[in-house]
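Throw the hints in and build the complete structure from the sequences for me.
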Amino acid sequence: MDFSWHIITQWWPNILQALGVTVIIFIVAGLLSVLLGLIVGALPSFNNPVLTAASRIYVSIFRNTPLLVQLFFLFYGLPAVGIRMSPFVTGVLGITLNEGAFMAEIFRGNIQSINRGDWEAAKSLGLSHFQVLAFVILPQAVRDALPAVTGQLSIVIKDTSLLSLIMIVELTRVSNQIYTRLFDLTGFSVALILYVTLNILMTGLSEMLARRVQVRR
Amino acid sequence: MAGYDVIFHFLGTGLIEVIRLVPICVVLSLIAGALIGIVQTVRIPVVNQLISVYLVFMRGVPPLLLLLVVFFVAGFESARLSAVFTLSIYHAAYIAEIFRGGIQAIPLGQFEAADTLALRFHRKMIDVIIPQVWRAILPALTGQYIILIKDTALVSAIGVMEILYNARQAMQVVYKPILIYAIVGLLFYILCFSLERLSAYFERHLQTMQGVQ
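Chains as they are written, first to last, in the working numbering: chain G, 1 to 217; chain Z, 1 to 213.
Don't take each hint at face value.
[Unchecked claim] Label pairs and their in silico Cβ distance ranges:
1. ASN48/Z / GLN10/G: 47 to 55 Å
2. ALA54/G / VAL47/Z: 45 to 53 Å
3. VAL173/Z / ALA53/G: 32 to 40 Å
4. VAL56/Z / VAL213/G: 22 to 30 Å
5. LEU209/G / ILE19/Z: 18 to 26 Å
6. ALA53/G / ALA118/Z: 57 to 65 Å
7. LEU51/G / TYR175/Z: 34 to 42 Å
8. VAL213/G / TYR175/Z: 47 to 55 Å
[Stated by the list, open to error] From the structure, some residues in chain Z lie toward chain G, with a derived Cβ separation under 10 Å:
9. LEU65
10. ALA113
11. ILE146
12. LEU164
13. MET171
14. LEU179
15. ILE180
16. LEU195
These are calculated hints, taken from the structure and not from any lab test. Note that the structure is predicted; figures quoted are calculated from it, not measured. Heads up, the beta-carbon is just placed ideally off N, CA and C, and yes, glycines get one too.
Here's what the structure looks like:
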């Protein structure tokens, strides 16, 4: 592996910008996928066969096909039917739809594992189904889901590298650019270090959150 | 419609490539992962730290970047060989974690019982511990292999002619991106969904076999 400071100083603005793109995509797609997962994951609790089926079909389709195929479907497919979106929007949409399915599965499991007595107790107080869900069940389920969700978020960081294949200049693409221009692997070394650092930061954050949640119990 | 036979010809070729890639990666990553997982539970001072670095590294690096790096750095004879190596070492890290967790979940008494019988280390592992670990980790293992199958979609980035590579070729001949990528998705869905069912089957039946939970 190459590592030359000369190339790093020369390409620093590009690398920094690419890192910014990676982090922004991660934050936007991460937040949206948690939100989508929360909504889709809560659907089965309404005990409506249509909603439950819709939730399960969505989760099954998006979990059992590769993210890259979904991205290409959006990137090449949508323009063919007249829907034009920027690569950034396409990329964020693709990651959100894909990771939303994984998040939904996490939230669904945690909502199901909340004691049935909580539903019955809250309903007997006259709360509507939605109120029970929002004020009684979800606060507990979300807290239980936290470790799994942060684990999934660290996968979202890795997902962002696929967007290099749909014309977004993020960390993987810029390191590939450095290689194709200069035949030097420094860009790859920097990208490897940055990705691993992001992941370690994410792990640290999730452990901190997990400890906070533990204290409150 | 002349386009369909072209599409099916290309995607069929790609599917065959995936079916050739996956079993090799499954076997290699299983062997490497099992060895690393077992070595980790023994806790050899320096080796253990090296394994930890490897695991943290593999957890943090996107598989696509790893594919590119290995392809450009390692200088394998073919892109396919490079892809097999990369996917195997990447998934071996996760499989090692699964094995380590499985071994650590085995009651200490099993290790001690094997020791009182004066079994050598490899006999203890092969005859006593691993058969029990095996059943407990099968669902997690199949889950990991679903991810492996999906990761094969990435190897087109280094020029291995799997489904996505062929999908792009097909698209040059017949411009039907929605249809082509829907079929590609369906092919992956069939592969992954059958594995998912298998995993669910293991989960249900192995629990009753072990008589726990």
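Practice task
Hints the structure violates: just list their numbers, smallest first.
Solution key: 1, 5 and 10
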